[in-house]
Each structure stands twice: as C-alpha cells, then as structure tokens.
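Student: Join the two chains into one complex using the hints; note that each chain is given alone, in its own frame.
In order, the protein sequences belong to chains F and U. Heads up, the working numbering is the position in the first sequence plus 7, with the first residue counted as 1. Heads up, the working numbering is the position in the second sequence plus 3, with the first residue counted as 1.
Incorrect hints may have been included.
[As the list claims (entries may be wrong)] With a straight-line Cα cutoff of 20 Å, these simulated PhoX-like cross-link-like pairs (lysine-lysine) come out:
| hint | chain 1 | residue 1 | chain 2 | residue 2 |
| --- | --- | --- | --- | --- |
| 1 | U | 15 | F | 309 |
| 2 | U | 62 | U | 72 |
| 3 | U | 72 | F | 309 |
Bear in mind the hints are in silico, worked out from the structure with no lab data behind them. These numbers come from a predicted model, not from an experiment.
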Amino acid sequence: MRRFGLALREVGHGLRRNLTMTVAVILTVAVSLTLFGTGLMVRAQVDAMKDYWYDRVEVSVFLCGNASDPKVCPAGAITPEQRAAVDAQLRGLTGVVEEVFYESQQEAYNRFKEQFKNSPILENVTPESMPESFRVKLANPEDFTKVAAAVGTSPGVEQVQDQRQLLEKFFKLLGGLQAIALGIAVAMLLVTVLLVVNTMRVAAFSRRKETGIMKLVGASNAYIQLPFVLEAAVAAGIGGLLAVGALAAEKAYLVDKVLEPSFRFTAFVGWDETIKIMIIVFVTGILLASVAAFLTVRRYLKV
Amino acid sequence: MIQFEEVSKRYKAQSAPALDNISLEIADGEFTFLVGPSGSGKSTFLRLLLREEKATSGKVIVNDKDIAKLRNWKVPAFRREMGAVFQDFRLLPEKTVTQNIAFALEVIGTPKAAVGPAVADALELVGLTEMADRKPGQLSGGEQQRVALARAFVNKPPILIADEPTGNLDPATSLGIMRLLDRINRTGTTVIMATHDAAIVDQMRKRVIELVGGHIIRDEARGVYGYAG
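The shape of chain U in the complex, shown without the other chains (with noise of 0.2 Å):
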C-alpha cells in the first residue's frame, strides 16, 4: 500500500510548491492514472515515490515505512521493489535486447544462472522473443517501450511506475503498450501512470487523480481524462 500524508514539496528556486497537501491511498493491485496539464506535480509524485526526492513536509509512506527516514544505503533495496518506465525508454543502445534487460539483474546481484530464465520469461511477457538479440536503434519507439517495460518487470516488483509511457508512441502503438500495463497489473502489481494521453485513460475506465497546481482536484474510482473544458 502506497499512502501520501498531507505530503508538500517545494523546489528551492520556486516559489510555488510543486505539491502542496497531498494526501491518498492506493491499494496493492490498484491501477491509478495521474493525469494533469505540465507543471501539475504529476512528475513530483512519482520521483517522490522513487524517493529520487524527499518531500518538504509529509509523509510518503510506502507498505508502512516512511520512505523518507531510509538510510541511503537502504534506498536501492526499497528501489528493487519498483519498476520504471519513461517516456524517453532509457535504454543502453550499445547493448542487445537481452543484455539492456539483463543488466537490471546482474547490476542487483542476481545469480548468472536465474538471470537468463527471467530474462526470457520477460521477453515473453511483451512479445519480443524474436528481437532478443537486437539493438535499441534497430527496434521502433513501441517496441523499445516494451523492452523497457521487460527491464522494469524482469524483477518481478510489487510497484510499477510508469511516467508518460506512450508519450512519444502513436495511439495504436499506445494502445499495445496499455494492453501490456493492463497484463502486468493483473498478476497483482500495482501500476501507476502519469499521463497526458485523454483517449487511453477513458478507454481504461480505471482509477484517475487529477493534479492541477500541486492539488488533488479529482479522484475517481472509474474516471476518464477530463471533462471537455
């Protein structure tokens, strides 16, 4: 379970706080949309959550610890326990699919001889077995998308981060990409998206928090982007 309590974070060089107040819940399993315009807090709540930053006030409490109070050699642990994916892929292009996949094992210490099988039960996961030995630059923007998805699910974490993953993907490409989200949430990992993209998010019919200036001004149960104006 993931809960914000009455969390505010203010960058130094604005006056405005990018999140002021915020506080939810949201269940294991759950899948939650966070939407908004730019500037919103939307990015502020996720790299809270990835503990890349530390609220000003209020509590970020992850299955009932408070992420802030980590030490930080504890913090890649807690990080072993979310995926991320982003719009840009992040991927290493001098190396193949398979190996972008399997650093993010080797890297924690995984054993040599779990990585391979878990490597290609994530292949499998988004359908990319026969790009296996592919480069980055040799895939288009849906399928580096999905190998970036295989990296941050090889892992098997209970969380999912996703900042605007179909971002940089046309809407039929988009749509396979939330096809796999939708999969990847079913075996019970709670996923949560930040996006701008209003024909998934209605199509999804999931949960929706809307951020406007650092407030929750929305949170729906089953929500669609935005009302027309």
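So that you can see chain F by itself, here it is in the shape it has in the complex (with noise of 0.2 Å):
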C-alpha cells in the first residue's frame, strides 16, 4: 500500500513536471474523443431515425381511378369486387402482413390538404384526382417483394409503391456522413495513441536516471512503469471529462435546443443512449492511452 502511495505521489510529480506535454495530451484527447463520440452520437441518431421512421413506413397500393393511366388501368376505375378482392388477398398474406386500412380518394385529399397547407399546389388538385389506396404495414419491411408479387398484377391495382426504397436512399447519404464522422474519430484516436506514445518516450528518457537506479537497485517492473501508466491514464481520464463534458452539451443544446425544436418529424438520440456514448468514450480514452503507455514503457525500460 505503501508502494502504491509512493507511486501515486510519482504520478503528480511526473504530470507536472511534463507539464507542457501533459496540457497536449489531455487536449488531443479531448478533442479526438469528443469527435470519437460525436460520431456515436451520429450513429445513433441516424439508428434512431431508422427506428423512427422504418416503423411508420409502408406499402402503398395504389388502386385505379378516373384520372390513372389507361395503360394501366384498361379497365378504368376499380370496381368494389375488384377492391374486396385485393382487400383479401392483401389479408390472406399472413406472417407477411401486419395491418392493412384503406384510404379513400376523400382520405387522400384531406391528407394531401394537411400536408401541403401553404402551397399553391392545393388549387389543382380535387378529392376526384387524389388515388384512392390501400396501406399495408409490413410485419418485415423487408418483405415488399412478396406483396408485389401478390397483387401487383391483380385487376384494379395501378401501382405498388414501397415507401421503404425513398427512405433507403436517404439513409445512404447519411451513412455516408456517418462513415466519414467515424472516420475522423478512429484518425484522431490514431494520433493521440502516437502523442501518448511519443510523450511517454520523452517521459522515460527525462527520467532515465531515476529508473536506473530503480533497476540496479531491484525495483520491480510494475513498481517502474506503473507511474508512467498512471500518468497516461490520468491525463487521459481528464481529458475524457472534457469530452464527456462537450458531448453533454452537444445533447442538451444542439440536440435538444437547437434540432429538436426545428425538426418536429422524427425522433432525436435519447440521454440514455448519449450516457451510453459517454461512458464507451471515457473508458476508450484511459484504456488506449494506458495501453499505448504501457506498451511504450515496457519497451523503454527493459530490464
């Protein structure tokens, strides 16, 4: 116990004396840690967003009316045999099927009307215009193919629409973003593991004596590096703060003061998940500095 104390009392002693080099290390680490969890946080709101939206995605099928393509709908509008009988097919799909409701042409209008309030557009379209459909909530998303398939061809039935296919398209730009945000984390994570090691270099070199002696004199391996380690992981967990700190404020202010309140149509990452982030971020920080440190040293000074 007494040896630990000594070796704490080392590892203030050690900090101060590289102070320069310590006020680097605790920024680079900061600053590649808040990035680091940036990118989660990004992560998870793209997943949240996936949740969010994926849930309240389906399959439209469109059915003919007066104003459909004749190519399509030869026969022109559907009649209500025609629409009882894609009613039942889409109902006897079970397992694939979750729930299915119809929309009328008035339905549709009404929709439109909400969702287009303040354009111009509203002056051209009439309830006659608007398609009348049904709406199918799939139980897998992934199974649009097997809802195509039953009545993509059935007669009165214009169109089968997956509204999954716009959204996957969107989710790809945002992988994107995603992949590059991770990216610039895992290259700053690289530098400060670098600015770790050379730090612990200069560190063992400045005290080279000391650990000579310590060597000659029987001091075991643990009891010499442990400073070292120590020291890393000091300047790292303080660094962490500082980046747990900043995620903090990337929820409550960007996230919750500034995206929430502009974006009203899906959901934002949660504090559960951004503590989750914190944590994963702070433990990553002191575990890569203390192994790059213990590594440096273990090299440095060799018995």
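Tutor: In structure tokens:
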C-alpha cells in the first residue's frame, strides 16, 4: 500500500514536470474523444431516425381511379368487387402483412391538404384526382416483394409502392456522412495514441536516471512502469472528462435546444444513448492511453 | 559463489567477442580486482553479472543459479542480492543524501519503519552522518562516491560490484574509498572491482584477474596491477 502511495506521488510529480506535454495529451484526448463520441452520437441519431421511420413506412397499393393511366388501368376505375378481392388478397398474406387499412380518395385528399397547407399546388387538386389506396404495414419491412407479387398484377391495382426504398436513399447518404465522421474520429484516436507513445518516450528518457537506479537496486518492473501508465491514464481521464462535458453540451444544447424544436418529424437520440456513449468514450480514452503507455514504457524501460 | 563457465559474449556490431570463453570462480567473501585496458571486457563481465546482458554462450552461475534462465520478473529480486557503484556515482541531484539512500529501499518496498535505521547505519558506515541533509551537488567527488556506496550497501547485499569506483577521484580520496570497500568486504561481502588504478591494486594485495581482448591472461591470489611493460 505504501508502495502504491509512493507511486501515486510520483504520478503527480511526473505530470507537473512534463506540463506542456501533459496539457497536449489532455487536449488531444479531449478533442479526439469528442469527435469519436460525436461520431457515435451521429450513428445513434441515424439509428433513432431509422427506428422512427421504418416503423412508419408502409407499402402503398394504389388503386385505379378515373385519373389513372389507361395503359395500366384499361378498365378504368376499380370496381367494388375488385377492391374487395385485393383487400382479401392482402389480408390473406398472413405472417407478411401486419395491418391493412383503406384510404379513400377523400381521405387521401385530406391528408394531402394537411401536408401542403401553404402551397398553391392545392388549387389544382380535387378529391377525384387523388388515388384511393390500401396502406399495408409489413411484419418485416424487407417483405415488399411478396406483396408486390401477390397484388401487383391484380385487376384494379395501378401501382405497388415501397416507401422504404425512398428512405433507403436518404439513409445511404446519412450512412456516408456517418462513416466520414467515424473515420475522422478513428484518425484522431490514432493521433492520440501516437502522442501518448511519444510523450511516454520523452518521459522515460527524462527520468532514465531514476529508472536506471530503480532497476539497479532491484525495483520490480511494475513499480517502475506503474507511474508512467498511471500518468497517461490520469491525463487521458481528464481529457475524457472534457470530452464527456462536450458531448453533454452537444446533447443538451445542439440536439435538445436547436435540432429538436426545428425538426418535429423525427425522433432524436436520447439521454440514455448519450450516457452510454459517454461511458464508452471515457473508458476508450483511458484504455487506449494506458495500453499505449504500457507498451511504450515496457519497451523503453526493459530490465 | 559466482561461477563463469566457458562464457562468451559477442555484441552484434562487433566482430571480435567482448568476452571469449571465460571460466572462473569467485568464492563468497572474496575481494577480486578485475584489471585490464579499456575494451578488455571488464565492463561486459560486470554487466553479465548484473544481468544487464545475457551471455552469448556459456553459463553465469550465482549461488547455484544460472542467471540467464531467470524469468524477467525474477530479475529485480536477483538484483536485490547485489549492490553496485560506478565511476559516475549515479546519484539523484534533487534528492538529499538521506533521500538518495532511502530511495533504494523505498522502491523495493521496504517497510517505512525499517528505512530510517538502515539509512542511518549506512551513513555511519561511510562516515557521512553529518552530510545527511546535503544534496550531491554540495559534496566532493569522494563524498558522493561514499553516498553511492552507502546506497549500494544499505540493503546489505552479499555481493558488491564496483565499476571503476575511483576513476574520477584523486589518489588520497581513492584510498578512503578503498578502505571503505575493504571494510564492507570484511563484513563477509563479496567485492568485485574493475579498475585501472595500479597503485590501489598493488597496495591491496588481493586477487587480481587480468583481462585482455576478452581473455583471462592472469589470475593471481595476491596480485599486483601488472608487470612494468
């Protein structure tokens, strides 16, 4: 215990002796962990949006109306019998279809009106020009093709549309951004590791006289190396706390105060996710710095 | 007991071996001089003994243990059985005499209660009790080497290694260091000292092992530094 106390005293001593390097390590760790954490937050955000949207996506089965393309709907508007048949077909897809509801022309018109409240486009739209449709919610969103195969060519069906495909393009774009963010974060973590390695080399060199004597009189390797590893861990821990603070600010300010009020149509990353990310970031920082320090010091302070 | 069995040491960058097939024994409690010109292998001999290096071939055996076979984590415990002093003293300039000596005990986990008395004993042995609170920079070379000796011996190791301990000191001061080494030797400690100092070797009349080019060319029980010429 006494030896541990002595080692801890050495840590404070070592950190102060090498103040500029210590500050450099703290700041680099803070910046790279913030970026890393931000990358994780973006990913969590995209996941939250995916959950939100994929939960709401449906397959739309548009039915032939008077305004439909005659090539697809040669018989004109769908008859009540045909509509009942399509409804039965959809409901017959047990295990694939979770829910089916019918949207009449008037309902479609009302929804359209709601969505484009302030747009002049409304003037040219009447309930008769809107298609009636079946909205199909799938048990597994991947099963679109099964629905298309079942009712795509049924009489009175104009088109089967998968909303998911529209979202996929959007999420692909987000995925690209997310990969870039994580790429930068990983590069920064690498920079942090290199800086810790270099700092430890300098520290080992500047203390070679002490460590040389320690080796000579038979101090154990752990005793000689522990202060260096603890120094790196403490510096990384301080940097990690700064990063955790920055992430908390991102969540409390950027997400809750700026993004959430302006974008009402989606879900945002929550505090539980944010706290999970903070813990990951903090632990990653300390582990990375400690392991880098340990491996460096072990090489430079060989018995 | 220290045994070298057909020990050779070859450094990577050099074609000639630093030590070439050396065999010898040094008994417990013996005082041995290691002499020879620079580059003759004296330092390599001591480094092998401290296990700072491993022999390229042959065995270095200390107290019946082949030290090349020691696991890395056991090396520190092995080194606690040895004290070492060097030409350049190797004291920590920002620590006082007391702290320098205590450091050697603290870093091997000696209980705090035992450190103070052991340091006081060591200071008394080397005659520096009055200088206890000075820093190395405030001491003469001879006094610094005494501090180094106190640090090497504070743990009462059975073997003391001295690599040119008088190399930086004038003859009168050197004599004082030799008296101290002799005293330490008389407590039963094996002393192995590498030196260039002919006057000291001639005066002490102890065992002399002379190395030239990595070979032992002379091993005398009560030798002198060398024959003139």
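Student: Please work out if residue 15 of chain U and residue 309 of chain F have their alpha carbons no farther apart than 20 Å.
Tutor: Roughly 18 Å separates the two Cα atoms, so the pair holds.
Student: With the threshold set at 20 Å, check whether the alpha-carbon distance from residue 62 of chain U to residue 72 of chain U stays at or below it.
Tutor: holds, 9 Å
Student: With a cut-off of 20 Å on the C-alpha distance, tell me whether residue 72 of chain U and residue 309 of chain F pass.
Tutor: Measuring from Cα to Cα gives roughly 16 Å; hence the hint holds.
When held up to the earlier numbered hints, the structure conflicts with none and fits them all.
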